[in-house]
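Q: The residues making up each chain are set out below.
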Amino acid sequence: MNWLYDFNYLTRSIHESLAETFEPATVTIVEMALAGLCFMILFALLGLVLVYAERKVSAFFQQRLGPMRVGKWGTAQTLADVIKLLMKEPLINKNADRFLFNLAPYIIMIASFMAMASLPFAKGLQALDFDIGLLYISAVSSLGVIGILLAGWSSDNKYSLIGAMRSGAQIISYELSVGLSLLTIVVLTGSLQLSTIVESQANGWWIFKGHIPAVVAFIIFLIASTAETNRGPFDLAEAESELTAGFHTEYSGLKFAFFFLAEFANMFIVAAIGATVFLGGWMPFHIGGWEGFNNIMDYVPPLFWFFGKVSFLIFMMMWFRWTFPRLRIDQLLTLEWKYLLPVNLMNIVLMAFLSLMGWHF
Amino acid sequence: MKSIINYFKEIFSGLKSLMQGMKVTGHYFTHPKEIITQQYPENRETLKMFERFRGEVVLLHDENNEHKCTGCSACEVACPNGTIEIIPKRIEVEGRKVKAIDQFVYHLQMCTMCGLCIPACPTDAIVMANTFEHAVFDRSKLTKILNKPGSKIMDGIK
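Order-wise, the sequence lines are chains B and F. Just so you know, the working numbering puts 1 at position 1 of the first sequence, and the rest follows in order with no gaps. Just so you know, the working numbering puts 135 at position 135 of the second sequence, and the rest follows in order with no gaps.
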């Protein structure tokens, strides 16, 4: 059972068994293909689980029951939806820019895949461990907006274009807050490498160790990241009541499914970043000095810790989405530029001061 | 200085109001017993409609097959979309001719369940029933005659 606590054993044994039979170049290609396959499976599973979770959670928040017909408690509902989407006819507008129209969903998916690749799922279970991991993630996770803009531009539909423009304005603004709130913790860790950030939380998560400024940064991160995924009270880009479906109005079938999947994958990625930076990633709940308690916590495999924290954050984002009314575009920009950004800047200076004086744990 | 204090006050009061909203939905989430939707075809046997639900107009009959409708047509006048049609007849009571109903025709397909006919009735002869399964395969079945065959007006209702 060692592999469950440290995936280095598993990856090393796979590597060694491959190296016995193949040349080094082939081994690299096979390993890359394996990792890609794992991510694709994870993506599909995430889509299935998160769509079902979203529908159930939203139903219970609104005193409904949600899907109940397909399978026990409606568990096979998303599977049925996937089959329906796969069989649908892919329609394209007569005046649409066909090349860009077809390209847009793939750009969004590629951006999600790239961001997903550098997430630390468990000890030793990380495809790319850059020393600028955090910078890389915040860079590629904002690539998705290119896909949204292309989708809006190429659909030849005014609603799509308005939705895409709003989404662009929104992501440009909120990217700042996400970055700065993550930097608040980077002040403490002194490293952008995700594995180092996780290791630095072995004696307590940063949200506890960094106390007040860390909590403020965490709240700002929650708000800004919800906005960055175009969800929740910030879903102006697809505001159903005003813009039919925003940037993906003209999409149908598999391409629509890609947009849908990417939305949920982005939610997962953002929650995973939040969990890694503020809540310790796969690191079990440790309190510095309490050896017995820490040893008990170590019995729970890191993978469970990671997915537990991520699902907690995803649940929080769903809670926001099904509680708060949608913001107007001017309210959205006011919130970012007049509230989140100044508070964030003050907060980062405060954190730097605390770090300088050594007043954190 | 005052504006700075107000700025932070605004942030905290904003956060507080958001928390209040989350408390309400959180209560709903943690109390699944309070779910208000019905699993309709499954719970058809046990489903009980609430009292004020307006399903269709019925003319009340007692055990002697007597109703309270005098045929005054007040409901017909009150109905905004011509759902009710009173076909009157003359009956002889104590040696003189009095107006009474021959047929109380009710077109369910035109009814919007507004319930304006109920308060219009001077003798409280009609009420709204809380039935709701009105689907039929033939449109003519939606035109109903509410007074039962052989029924007559109660004594003392004028």
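Simulated from the structure, these hints should not be mistaken for laboratory data. Be aware that a few hints might be false.
In the SDA-like style, the derived pairs of lysine to any residue whose C-alpha atoms are separated by at most 20 Å in a straight line are [said to hold, decoys possible]:
#1 B:Lys56 - F:Met113
#2 F:Lys16 - B:Pro233
#3 F:Lys16 - B:Ile212
#4 B:Lys72 - F:Pro41
#5 B:Lys338 - F:Lys68
#6 B:Lys338 - F:Ser17
#7 F:Lys16 - B:Leu222
#8 F:Lys68 - F:Met128
Which stretches of chain B does chain F cover? Using the computed rule of at least three CB atoms under 8 Å from a CB of chain F, they are [unchecked claim]:
#9 87–96
#10 320–330
Ideal Cβ positions, reconstructed from N, Cα and C, are used throughout, including at glycine.
Q: Compare the structure with each hint and give your call.
A: Going down the list of hints, with the structure as the test:
The hinted pair formed by Lys56 of chain B and Met113 of chain F fails the criterion: a straight-line CA distance of about 33 Å is larger than 20 Å. Restraint check for Lys16 of chain F and Pro233 of chain B: the C-alpha separation of about 17 Å stays at or below 20 Å, so the hint holds. Of the supplied pair hints, the one linking Lys16 of chain F and Ile212 of chain B holds, its CA atoms being roughly 17 Å apart against a limit of 20 Å. For the hint pairing Lys72 of chain B with Pro41 of chain F, the CA-to-CA distance comes to about 16 Å; that is within 20 Å, so the pair holds.
Of the pairs offered as hints, the one joining Lys338 of chain B and Lys68 of chain F is violated, with about 70 Å between alpha carbons and a cut-off of 20 Å exceeded. Straight-line distance between C-alpha atoms of Lys338 of chain B and Ser17 of chain F comes to about 19 Å, which keeps the hinted pair within the 20 Å bound. Simply put, Lys16 of chain F and Leu222 of chain B have alpha-carbon atoms about 16 Å apart, close enough for the 20 Å limit, and the pair holds. Between Lys68 of chain F and Met128 of chain F the alpha-carbon distance is near 15 Å, which keeps this suggested pair within the 20 Å criterion.
With 0 residues bearing a CB less than 8 Å from a CB of chain F, the segment 87–96 of chain B misses the requirement of three and the coverage assertion fails. Check result for the segment 320–330 of chain B against chain F: holds, 4 residues qualifying (beta carbon to beta carbon below 8 Å, three or more required).
In this structure, the hints that do not hold are numbers 1, 5, 9, in rising order.
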